[in-house]
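Asks: All chains should be modelled from the sequences, with the hints used to inform the complete structure.
Sequence order for the protein chains is Z and Y.
Add 7 to the 1-based position in the first sequence for my numbering, that's all there is to it.
Add 1 to the 1-based position in the second sequence for my numbering, that's all there is to it.
If you are wondering where the hints come from, they were derived from the structure by calculation, not from laboratory data.
Everything numeric in this text was worked out from a predicted model, so none of it was measured.
The beta-carbon is built from N, C-alpha and C at its ideal position, and this holds for glycine as well.
Check each hint, because a few of them may be wrong.
[As the list claims (entries may be wrong)] Partial selection, computed: residues in chain Y whose CB lies under 10 Å from chain Z:
1. 34
2. 36
3. 102
4. 104
5. 110
6. 114
Spelled out from the first residue to the last, the chains are:
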Amino acid sequence: AQSVTQLDSQVPVFEEAPVELRCNYSSSVSVYLFWYVQYPNQGLQLLLKYLSGSTLVKGINGFEAEFNKSQTSFHLRKPSVHISDTAEYFCAVSGGGGSNYKLTFGKGTLLTVNP
Amino acid sequence: DSGVTQTPKHLITATGQRVTLRCSPRSGDLSVYWYQQSLDQGLQFLIQYYNGEERAKGNILERFSAQQFPDLHSELNLSSLELGDSALYFCASSDPTGGVGNTIYFGEGSWLTVV
Numbered sequence: 008a009q010s011v012t013q014l015d016s017q018v019p020v021f022e023e024a025p026v027e028l029r030c031n032y033s034s035s036v037s038v039y040l041f042w043y044v045q046y047p048n049q050g051l052q053l054l055l056k057y058l059s060g061s062t063l064v065k066g067i068n069g070f071e072a073e074f075n076k077s078q079t080s081f082h083l084r085k086p087s088v089h090i091s092d093t094a095e096y097f098c099a100v101s102g103g104g105g106s107n108y109k110l111t112f113g114k115g116t117l118l119t120v121n122p
Numbered sequence: 002d003s004g005v006t007q008t009p010k011h012l013i014t015a016t017g018q019r020v021t022l023r024c025s026p027r028s029g030d031l032s033v034y035w036y037q038q039s040l041d042q043g044l045q046f047l048i049q050y051y052n053g054e055e056r057a058k059g060n061i062l063e064r065f066s067a068q069q070f071p072d073l074h075s076e077l078n079l080s081s082l083e084l085g086d087s088a089l090y091f092c093a094s095s096d097p098t099g100g101v102g103n104t105i106y107f108g109e110g111s112w113l114t115v116v
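Replies: And the structure:
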């Protein structure tokens with residue numbers, strides 16, 4: 008079984024500050040890792056994903072994440088945030104293989120960027 | 002715009018009633034997923050269909066059922082509704098033939114309020 012733990016439910020930061028949103032996963036098989044963002048009253052949008060290869064993954068809107076297999080982590084980072092980055096961020100894992108690509112999500116981290 | 006269309010966007014109904022949520026996947030996508038998002042449970046996977054057949058089942062109640070039609074659109078039927086069924090229901094789609102770790106695209110959701 009797979010599970011995802013997002014270590015912070017809320018992260019407040021000031022505009023132009025760096026931010027890190029933490030995610031740990033648990034799985035007995037090789038996994039694929041994802042970060043989604045949900046803006047207020049909208050659906051989920053993919054920020055980035057890790058499938059294989061380089062452990063540093065770059066996504067949209069200046070976000071990046073680093074896969075660390077030994078620590079079973081996939082933390083999301085941005086060097087300088089904007090007010091428009093205020094949203095809820097979800098880390099997710101899928102097991103891949105066959106036709107079952109369902110995602111298991113963490114509880115989410117609410118990022119609030121203050122002026 | 003993800004290309005996944007959900008209707009209705011908002012729905013208010015009484016306890017004990019039955020509702021149907023509709024989803025049109027992205028053009029060409031064969032897989033459809035349903036997720037429930039609530040404050041207490043977070044994002045929960047309900048069920049997955051692939052080309053008309055059920056492929057994976059998650060935390061879906063017996064009062065809930067879904068199907069995927071030959072034109073690939075899907076419906077989620079919720080019956081004997083309870084107050085606790087109030088949530089945001091997401092439909093998502095993906096094309097498994099696109100390879101491992103393929104992206105799952107989410108619609109904007111259907112807000113269900115049971116009163």
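Asks: Next step is simple, just say for each hint if it's right about the structure.
Replies: Do the hints match the structure? See the list:
1. The criterion of a C-beta within 10 Å of any C-beta in chain Z is met by residue 34 of chain Y, whose closest approach is roughly 6 Å, and the hint holds.
2. Given hint, residue 36 of chain Y at the interface with chain Z, holds; its Cβ is 8 Å from that chain's nearest Cβ, closer than 10 Å.
3. Restraint check, residue 102 of chain Y versus chain Z: the minimum CB separation of about 4 Å is within 10 Å; hint holds.
4. The interface hint given for residue 104 of chain Y is met, as the beta carbon of that residue sits about 5 Å from the closest beta carbon of chain Z, less than 10 Å.
5. The criterion of a C-beta within 10 Å of any C-beta in chain Z is met by residue 110 of chain Y, whose closest approach is roughly 6 Å, and the hint holds.
6. At its closest, the beta carbon of residue 114 of chain Y sits 14 Å from a beta carbon of chain Z; the interface hint therefore is violated under the 10 Å criterion.
Checked against the numbered hints above, the structure violates only hint 6.
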